[in-house]
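Trainee: Here's the letter readout for the chains.
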Amino acid sequence: MEGLVNIFVRSVFIDNMVFAYFLGMCSYLAVSRTVSTANGLGIAVVFVLGITVPVNYLIENYFLSAGAMAWLGEGFAAIDLSFLSFIMFIAVIASMVQLVEMIVEKFAPALYSSLGIFLPLIAVNCAILGGSLFMQEREYANIAEATSFGLGSGVGFYLAIVGIAAIREKIRYSNVPGPLRGLGITFIVTGLMGIAFMSFMGIKL
Amino acid sequence: MSKSEKEPLFSAKNIKLLSTPLNDENPITVQVLGICSALAVTVMLEPAVVLAVAVVAVMGSANVIISLLRKTIPPRIRIIVQLVVIASLVILVDQVLKAFFYDVSRQLSVFVGLIITNCIIMGRLEAFALGNKTWPSFLDGVGNAAGYGWILIVVAFFRELLGSGTLWGYPVIETLGFYNLGYENNGFMILPPMALITVGVIIWVQRARNRKLIESN
Numbered sequence: 013m014e015g016l017v018n019i020f021v022r023s024v025f026i027d028n029m030v031f032a033y034f035l036g037m038c039s040y041l042a043v044s045r046t047v048s049t050a051n052g053l054g055i056a057v058v059f060v061l062g063i064t065v066p067v068n069y070l071i072e073n074y075f076l077s078a079g080a081m082a083w084l085g086e087g088f089a090a091i092d093l094s095f096l097s098f099i100m101f102i103a104v105i106a107s108m109v110q111l112v113e114m115i116v117e118k119f120a121p122a123l124y125s126s127l128g129i130f131l132p133l134i135a136v137n138c139a140i141l142g143g144s145l146f147m148q149e150r151e152y153a154n155i156a157e158a159t160s161f162g163l164g165s166g167v168g169f170y171l172a173i174v175g176i177a178a179i180r181e182k183i184r185y186s187n188v189p190g191p192l193r194g195l196g197i198t199f200i201v202t203g204l205m206g207i208a209f210m211s212f213m214g215i216k217l
Numbered sequence: 004m005s006k007s008e009k010e011p012l013f014s015a016k017n018i019k020l021l022s023t024p025l026n027d028e029n030p031i032t033v034q035v036l037g038i039c040s041a042l043a044v045t046v047m048l049e050p051a052v053v054l055a056v057a058v059v060a061v062m063g064s065a066n067v068i069i070s071l072l073r074k075t076i077p078p079r080i081r082i083i084v085q086l087v088v089i090a091s092l093v094i095l096v097d098q099v100l101k102a103f104f105y106d107v108s109r110q111l112s113v114f115v116g117l118i119i120t121n122c123i124i125m126g127r128l129e130a131f132a133l134g135n136k137t138w139p140s141f142l143d144g145v146g147n148a149a150g151y152g153w154i155l156i157v158v159a160f161f162r163e164l165l166g167s168g169t170l171w172g173y174p175v176i177e178t179l180g181f182y183n184l185g186y187e188n189n190g191f192m193i194l195p196p197m198a199l200i201t202v203g204v205i206i207w208v209q210r211a212r213n214r215k216l217i218e219s220n
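So the protein sequences, as listed, match chains A and B.
Using our numbering, read the first sequence as starting at 13 and increasing by one per residue.
Using our numbering, read the second sequence as starting at 4 and increasing by one per residue.
Hints are not guaranteed to be accurate.
[To be verified] Some chain B residues near chain A, calculated using beta-carbon distances under 7 Å:
1. 42
2. 67
3. 102
4. 116
5. 207
[What the hints assert, rightly or not] Over the 12 Å line for every Cβ pair with chain B, so calculated as not near, a few chain A residues:
6. 47
7. 102
8. 117
9. 135
10. 154
11. 156
12. 171
[What the hints assert, rightly or not] Covered stretches of chain B, going by a simulated chain A footprint (3 or more residues, C-beta under 8 Å):
13. 52-64
14. 76-90
15. 117-130
16. 142-149
Calculated directly from the structure, the hints in this document are not laboratory data.
Built from N, CA and C at the ideal position, the CB exists for glycine as well.
Using the sequences and the accompanying hints, generate a full structural model.
Mentor: Now the structure itself:
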């Protein structure tokens, strides 16, 4: 349990998707004009990362990595399909997003209408594929750890996007030099937020 | 690029496809696409150049393939078709990098895979390759990838020079003897947030020189 909390906290604050790896920057910059839309996208990302990372973990460990198919019998033990991981992960993500979209539409129409266009867009959000690829690279020991990592990364993204949206709402009232307006100042503020998040470095539970 | 014998291939319109993404329509600083994978590999010049070349290769060929298939792809499933094409090309690039440039491939880690979800590629496929002939699509792909690449390389140049005092691993500052004058490397430049601030400054410089890009708010 302690390990799980540790992975969660690590992925929220220290290995933050946005500030440490710049993943999901496209939607982070495009959808952070107001807090309410940022909120919707953030929730959707937490949702999808929390589902796709464990699913891809299972696929990675029972089908793709070297010797993973040993459970199917002797003849399968020597197969190494790890070169297929990109295409499998992206296929899982695209179909999961579709599935999540249908489930949310059926059972939580209010959430569905508030997420709107963001749900399908998430399929091409780098943070989602990045989550699966980091999961593969860091070799988590079991599915619980992978889930905790997925949820943590999602929450990290949520914090980042809601934070920048709040700041951008305020920036509108200040006198930014012309060429810096819009994109430029957003980049610099994100950099400063990243520096702030670096102060969490070394936290361990 | 030689445009002497094949004039029709490089007509003014086609040249424009290649050159506008470098400045006026730059994918990173104007269209805000593809920032995801761009910033994390810019600590050193070498991986940045390798990633830029990889993106040029993937994007040029993806645009050609989608443009060739554009009349046969049913619109409803186009996204998944595009993803499959991009993912296959990225697998090729990844395997080539692992075979011939293993060290760089280790440094790039997940960012080779993340070319798949690089929004420039999807964006240009959607916006251009689906509706245009093969040759202009190729130029558009290469132009946009180059526009992405040069930002990447400029950021990496400054971060490596100021952060580590080297260029492509060669100790420039030490050779010039600045350390003896009391100069010290700015370790801050190596940290991730400085990539964002460097890009912010590049945007500032670019828009100050090119005033029509300034946003109203």
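Trainee: Under a C-beta cut-off of less than 8 Å, do 3 or more residues of the region 52-64 of chain B approach chain A closely enough to confirm the stated coverage?
Mentor: Violated: only 0 residues of the region 52-64 of chain B have a Cβ under 8 Å from chain A.
Trainee: Is it correct that the beta-carbon of residue 156/A has no partner in chain B closer than or equal to 12 Å?
Mentor: Its Cβ never comes within 12 Å of chain B, the nearest being 22 Å, so this holds.
Trainee: Non-interface claim for residue 154/A: all C-beta distances to chain B beyond 12 Å?
Mentor: holds (21 Å)
Trainee: Tell me if residue 42/B is really an interface residue toward chain A, meaning its C-beta lies closer than 7 Å to one of theirs.
Mentor: holds (4 Å)
Trainee: Please count how many residues of the region 142-149 of chain B have a CB within 8 Å of a CB from chain A and say whether that reaches 3.
Mentor: violated (count 0)
Trainee: Would you check whether the claim that residue 102/A is not at the interface survives, using Cβ distances to chain B and the 12 Å cut-off?
Mentor: violated (5 Å)
Trainee: Verify this label for me: residue 135/A is non-interface relative to chain B, using a Cβ-Cβ cutoff of 12 Å.
Mentor: Non-interface label on residue 135/A violated, nearest chain B Cβ at 7 Å vs cutoff 12 Å.
Trainee: Far enough from chain B: is every CB of that chain over 12 Å from the CB of residue 47/A?
Mentor: holds (17 Å)
Trainee: Does residue 67/B meet its interface restraint, that is, does its C-beta lie within less than 7 Å of any C-beta in chain A?
Mentor: Constraint on residue 67/B not satisfied, violated at 20 Å.
Trainee: The region 76-90 of chain B covered by chain A? Criterion: 3 or more residues, Cβ-Cβ distance below 8 Å.
Mentor: Result for this restraint: holds, n = 5.
Trainee: Let's test the interface hint: is any C-beta of chain A closer than 7 Å to that of residue 102/B?
Mentor: violated (12 Å)
Trainee: Just checking, residue 171/A versus chain B, shortest CB gap more than 12 Å?
Mentor: Answer for residue 171/A: holds, closest chain B Cβ roughly 16 Å.
Going through the hint list in order, the structure does not satisfy hints 2, 3, 7, 9, 13 and 16.
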